[in-house]
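The listed protein sequences derive, respectively, from chains Y and G.
Per our numbering, residue 1 is the first one in the first sequence, and the count goes up by one each step.
Per our numbering, residue 295 is the first one in the second sequence, and the count goes up by one each step.
In case anyone wonders, no lab produced these hints; they're calculated from the structure.
Even glycine gets a Cβ: it sits at the ideal position worked out from N, Cα and C.
Among the clues, some could well be false.
As the list claims (entries may be wrong) - Here are some chain Y residues pointing at chain G (derived, C-beta under 10 Å):
| hint | residue |
| --- | --- |
| 1 | I24 |
| 2 | R102 |
| 3 | L104 |
| 4 | F110 |
| 5 | V176 |
| 6 | L228 |
Said to hold, decoys possible - Over the 10 Å line for every Cβ pair with chain G, so calculated as not near, a few chain Y residues:
| hint | residue |
| --- | --- |
| 7 | L38 |
| 8 | K47 |
| 9 | T64 |
| 10 | L74 |
| 11 | G143 |
| 12 | D146 |
| 13 | G153 |
| 14 | V157 |
| 15 | A163 |
| 16 | M211 |
| 17 | W213 |
| 18 | D244 |
| 19 | T260 |
| 20 | L281 |
| 21 | R287 |
Stated by the list, open to error - Straight line, CA to CA, 27 Å or less: simulated DSSO-like cross-link-like pairs of lysine-lysine:
| hint | chain 1 | residue 1 | chain 2 | residue 2 |
| --- | --- | --- | --- | --- |
| 22 | Y | K100 | G | K571 |
| 23 | G | K570 | G | K467 |
| 24 | Y | K98 | G | K307 |
| 25 | G | K314 | Y | K98 |
| 26 | Y | K98 | G | K571 |
| 27 | G | K467 | Y | K4 |
| 28 | G | K571 | G | K467 |
| 29 | Y | K100 | G | K307 |
| 30 | G | K314 | Y | K100 |
| 31 | G | K570 | Y | K100 |
| 32 | G | K570 | Y | K98 |
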Amino acid sequence: MTMKTRRGIFIATCLLPGLLLFLIFKVYPSLQIFQKSLYLWTGLSDKPKFIGLQNYIDMFHDNTFLLALKNTGLLMLVVPVATLLIALVNASILTKSKLKERNLYRTVFFFPSILSFVVIAILWSFIYHPTMGFLNAGLEALGLSDWALPWLGDQRVVLWALAVTMIWQAAGYYMVIYMAGIDGISPDLYEAAELDGATWIQQFTDITIPMLWEIIRVTIILSINGVLSISFIIVSVMTAGGPDHHSEVVMTYLYSQAFTNSNFGYAMAIGVFVFIVSIILALTSNRLTERGAN
Amino acid sequence: MAAEHTLHSSNGKVGAAIGKTLLRLLLIAQTIAVVYPLLWNVMASFKTNAEVMENPWKLPKSLEWSNYVRAFTTARIGDYMLNSVMVVVLSMAILLVAAVPSAYVLGRMRFRGRSFFNNFYMAGLFVGGVYIIVPLFILMNNLHMLDNLFWLSAVYATGSLPFSIFLLTSFMKSIPHDYEEAAMIDGCGYFSTMLRIIVPMARPGIVTLIVFSFFDFWNEYVLAMTFISDDAKKTIPVGLANLMQIQQYATDWGSLFAGLVIVLVPTILVYVLLQKKLTQGLMLGGVKG
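Next comes chain Y alone, as it looks inside the complex (with noise of 0.2 Å):
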């Protein structure tokens, strides 16, 4: 055997794991749900029978999903916005103030984004049950038992009370990200802006958030891409998209729609928009926040 010869079967053979497993179980299924997005197809006992682009149509008449729709959208401005903004706070404070116990804070406050999201599920599905719940027992502590609501069970708040289960799950995440771009700006910076009398708030806004912007922009998209994932176990576990669908977002509409209702053709049109919107999301995101847009 030559040595090249030798080399190329070397190379297959370490390319060949890897690629038979990605091949089968990624990139099989990705091509299939855009070619069976345009079939009719219900149960796997069914012929699926090509209906062109009526599955998107449809999705575009169904109540359900549009206001599965509505409420992901909602969740997808909401969650980064306020989970990106208390990380990029508390990462500031945690570099630039030099608390002894700072460790231990950052410690802590990662450490929701290691436990299991279904773990998380069932903790805030106890913190907000009406009867059982310390929030309530707590507003009631406070003699504001008038504020106290069944949190997950009122159409106005789930939503809400859904983001705040989220936000509270990835916001160290970002921190420990956003301490590691603090870590590597210049002293020099900080120090010349305090000598100039620069407030603690503005070498925030002038200083910390410019030269983070990068990273920013990057946990902008994950973060968003993350909403989308998160938001399919923490409503599955915790209202099963209810009340009266007022909690359901696409995810977990796909999912029933699938796996429920065994409308594959249909469910995979979902997965095919909600992929696409994405990455406009994603593509839109990085536009707007490149430097000199505005």
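Starting from the structure of chain Y, add chain G where the hints point.
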């Protein structure tokens, strides 16, 4: 010193002290918001059902260890945990076998099609789990891969593959090429060069990968819920979510909370041990979704 100094110069000493106290209060309030739900959970796991229904702020009157016994016997937390351990070990093994050689070749050897493969895997970063869950389910159903922990692990490993290859390739690239040349001169073959010389040098990257993947595999819920229906094969997150649904009717809250604590304890232990590695890895790998 930055904040202190600023406050110092603008508001004087008293102002600095007040500023620092305010910052502390803000941080302590957040600490309570993170820690209290966990403490409450531990407390509730020692309460009787009647006590759980009462005031959630009260301490338990006596320690109900029987909650923990029921968590293992009727709620089968022990079985779920064993399944989870098995899935984590299997997925990790499959992931390493697939990712390390691929990253080695993609990061250190020149051949035609290399950039194609790199882009191919990069594209995989964008296609997440839930989008493709329907065709994946149908495929696995046709191939009789459902209700099987090995194939579940294979799907987990594939999910982590794009990011893992991305992370490891950059690690592999940073190792100087002299090592291979020296090994070849010494008569080392391709495989032994990779396994005996380069893999040990890439260990920091591989350890980072293992730490991250551990939490991903241990916590995964959606795929496990969809592909495993046999109760004896369920993993911890699925078992807990099920337990939660059952308890709403059976109202055995104690064993649910005990189950949660049993799951939390190893997570906290691993976290305390690996905390440094984890936060470093986050900075190393840049960012991870």
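Outcome of the hint check:
1. I24: With Cβ-Cβ at 8 Å, under 10 Å, it holds.
2. R102: 8 Å, holds
3. L104: Result: holds, 8 Å to nearest chain G Cβ.
4. F110: 7 Å, holds
5. V176: Holds: closest Cβ of chain G sits about 5 Å from Y:V176, inside 10 Å.
6. L228: Nearest chain G Cβ about 7 Å off; hint holds.
7. L38: Check passes; 13 Å lies beyond 10 Å.
8. K47: Its Cβ never comes within 10 Å of chain G, the nearest being 13 Å, so this holds.
9. T64: 18 Å, holds
10. L74: Holds: least Cβ distance 19 Å, greater than 10 Å.
11. G143: 15 Å, holds
12. D146: 19 Å, holds
13. G153: 13 Å, holds
14. V157: Consistent with the label, Y:V157 stays out of reach of chain G, its closest Cβ about 18 Å off (over 10 Å).
15. A163: 15 Å, holds
16. M211: 14 Å, holds
17. W213: Non-interface label stands for Y:W213: nearest chain G Cβ at 14 Å, farther than 10 Å.
18. D244: 19 Å, holds
19. T260: Non-interface label stands for Y:T260: nearest chain G Cβ at 12 Å, farther than 10 Å.
20. L281: Answer for Y:L281: holds, closest chain G Cβ roughly 12 Å.
21. R287: Given a closest Cβ separation of 17 Å, the condition holds.
22. Y:K100 with G:K571: The hint holds at about 21 Å.
23. G:K570 with G:K467: Holds: G:K570 and G:K467 sit about 24 Å apart, inside 27 Å.
24. Y:K98 with G:K307: 16 Å, holds
25. G:K314 with Y:K98: At roughly 10 Å apart (the allowed maximum being 27 Å), Y:K98 and G:K314 satisfy the hint.
26. Y:K98 with G:K571: Satisfied, since the Cα-Cα distance of roughly 23 Å is no more than 27 Å.
27. G:K467 with Y:K4: Holds, at roughly 22 Å.
28. G:K571 with G:K467: Holds - the C-alpha atoms of G:K467 and G:K571 are around 21 Å apart, at most 27 Å.
29. Y:K100 with G:K307: Roughly 18 Å between the alpha carbons, so the hint for Y:K100 and G:K307 holds.
30. G:K314 with Y:K100: 11 Å, holds
31. G:K570 with Y:K100: 18 Å, holds
32. G:K570 with Y:K98: Within the cut-off at roughly 19 Å; holds.
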